[in-house]
Amino acid sequence: QKEVEQDPGPLSVPEGAIVSLNCTYSNSAFQYFMWYRQYSRKGPELLMYTYSSGNKEDGRFTAQVDKSSKYISLFIRDSQPSDSATYLCAQSSTGGFKTIFGAGTRLFVKA
Amino acid sequence: DTGVSQNPRHKITKRGQNVTFRCDPISEHNRLYWYRQTLGQGPEFLTYFQNEAQLEKSRLLSDRFSAERPKGSFSTLEIQRTEQGDSAMYLCASSPRGQGAFEQFFGPGTRLTVL
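Chains Z and Y supply the protein sequences, listed in that same order. Quick note: the first sequence, position 12, residue 10 per this note's numbering, numbers continuous. Quick note: the second sequence, position 45, residue 717 per this note's numbering, numbers continuous.
By construction, these hints were calculated from the structure, which means they are not laboratory data. Each hint should be verified, as a subset may be incorrect.
What the hints assert, rightly or not - 27 angstroms max Cα-Cα, derived DSSO-like pairs, lysine-lysine:
hint	chain 1	residue 1	chain 2	residue 2
1	Z	Lys54	Z	Lys0
2	Z	Lys54	Z	Lys96
3	Y	Lys729	Y	Lys683
4	Y	Lys683	Y	Lys743
5	Z	Lys96	Y	Lys743
6	Y	Lys683	Z	Lys40
7	Z	Lys40	Y	Lys729
8	Y	Lys686	Z	Lys40
9	Y	Lys729	Z	Lys0
10	Z	Lys40	Z	Lys96
11	Y	Lys729	Z	Lys96
Just so you know, these numbers come straight off a predicted model, no measurement behind them.
Using the sequences plus the hints, can you model the full thing?
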C-alpha cells in the first residue's frame, strides 16, 4: 500500500464546473498536507497547504483535510481550461525534510 | 529568473555510461532535495541536503547514485553505469529555513533517457 493514494484519472469536466480531487493517506505522523499542480513537462508548483486538519480557501481553490478518515481534498470552483494539469497531493513532516507524493490526478477542463 | 534551475534539461545516454545533473537552488534556500519522477507517478524522494550536509537518503538511491552539495550552494546528482530503468525525470527542489521549510520550490527537471 502506498502511503498516499490518489486516483490517477483522467478527470474531464466542462469549463465552469466544480472539481473535486481526493487522496487518502496512511501516515498520521505527517502534519502538513499540500496540493501541487504540475503542467506537462514542468516541475510541480505548490498550490496550497494546510496544517493538521480543517479547511483553507484561496480564491477558487479550497483544501480540506479530514484526519478522522485520513482524507485530503481539493475543490476547484469555476474551473478554467488553464486549470488543466496534473494535481499532486502530498504529506510532509513538520521539519519539512520528507515529503510523500501521491501519483497525481490528470485534470482536463474543456472550453 | 530567481527560481530553481536545472541543467541539462534533457539527456540521452547509452546504457553503462555515467551522467551528471546540476541543480541551482533559490539563493536564500538552505534545503535542497532530489526526486525522481516516472510517467504517471508522483515525485519519489531520493535525497535531502541541509546546507552542505546530506541528511537523508532514500533506499531508492543505490550505490550507483551519488549526490553532492559543495559549500551548500548548487548540487550535482551523478548516476554511474546507467541502466534503462534509470530513465525518468529528475527533479530538484529547494526550500527555505524556518516555518516555510516544507514549501518546496521545484525546478523544471532533467529528463534522462537511457538507450
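Here's how the hints hold up against the structure:
1. Straight-line distance between C-alpha atoms of Lys54/Z and Lys0/Z comes to about 25 angstroms, which keeps the hinted pair within the 27 angstroms bound.
2. Restraint check: the Cα-Cα separation between Lys54/Z and Lys96/Z comes to about 22 angstroms, which is no more than 27 angstroms; the hinted pair holds.
3. With a CA separation close to 24 angstroms, the supplied pair Lys729/Y and Lys683/Y stays within the 27 angstroms bound.
4. Of the pairs offered as hints, the one joining Lys683/Y and Lys743/Y holds, with about 26 angstroms between alpha carbons and a cut-off of 27 angstroms not exceeded.
5. Distance check on the hinted pair: Lys96/Z and Lys743/Y sit about 22 angstroms apart at the alpha-carbon level, within 27 angstroms; holds.
6. A C-alpha spacing of about 16 angstroms is found between Lys683/Y and Lys40/Z, which places the hinted pair at or below 27 angstroms, so the restraint holds.
7. For the suggested pair Lys40/Z and Lys729/Y, the alpha carbons sit about 24 angstroms apart, so the restraint of at most 27 angstroms is met.
8. A distance of roughly 25 angstroms separates the Cα atoms of Lys686/Y and Lys40/Z; the hinted pair therefore holds under the 27 angstroms criterion.
9. A C-alpha spacing of about 19 angstroms is found between Lys729/Y and Lys0/Z, which places the hinted pair at or below 27 angstroms, so the restraint holds.
10. For the suggested pair Lys40/Z and Lys96/Z, the alpha carbons sit about 21 angstroms apart, so the restraint of at most 27 angstroms is met.
11. Between Lys729/Y and Lys96/Z the CA atoms are separated by roughly 10 angstroms; this keeps the pair inside 27 angstroms, and the hint holds.
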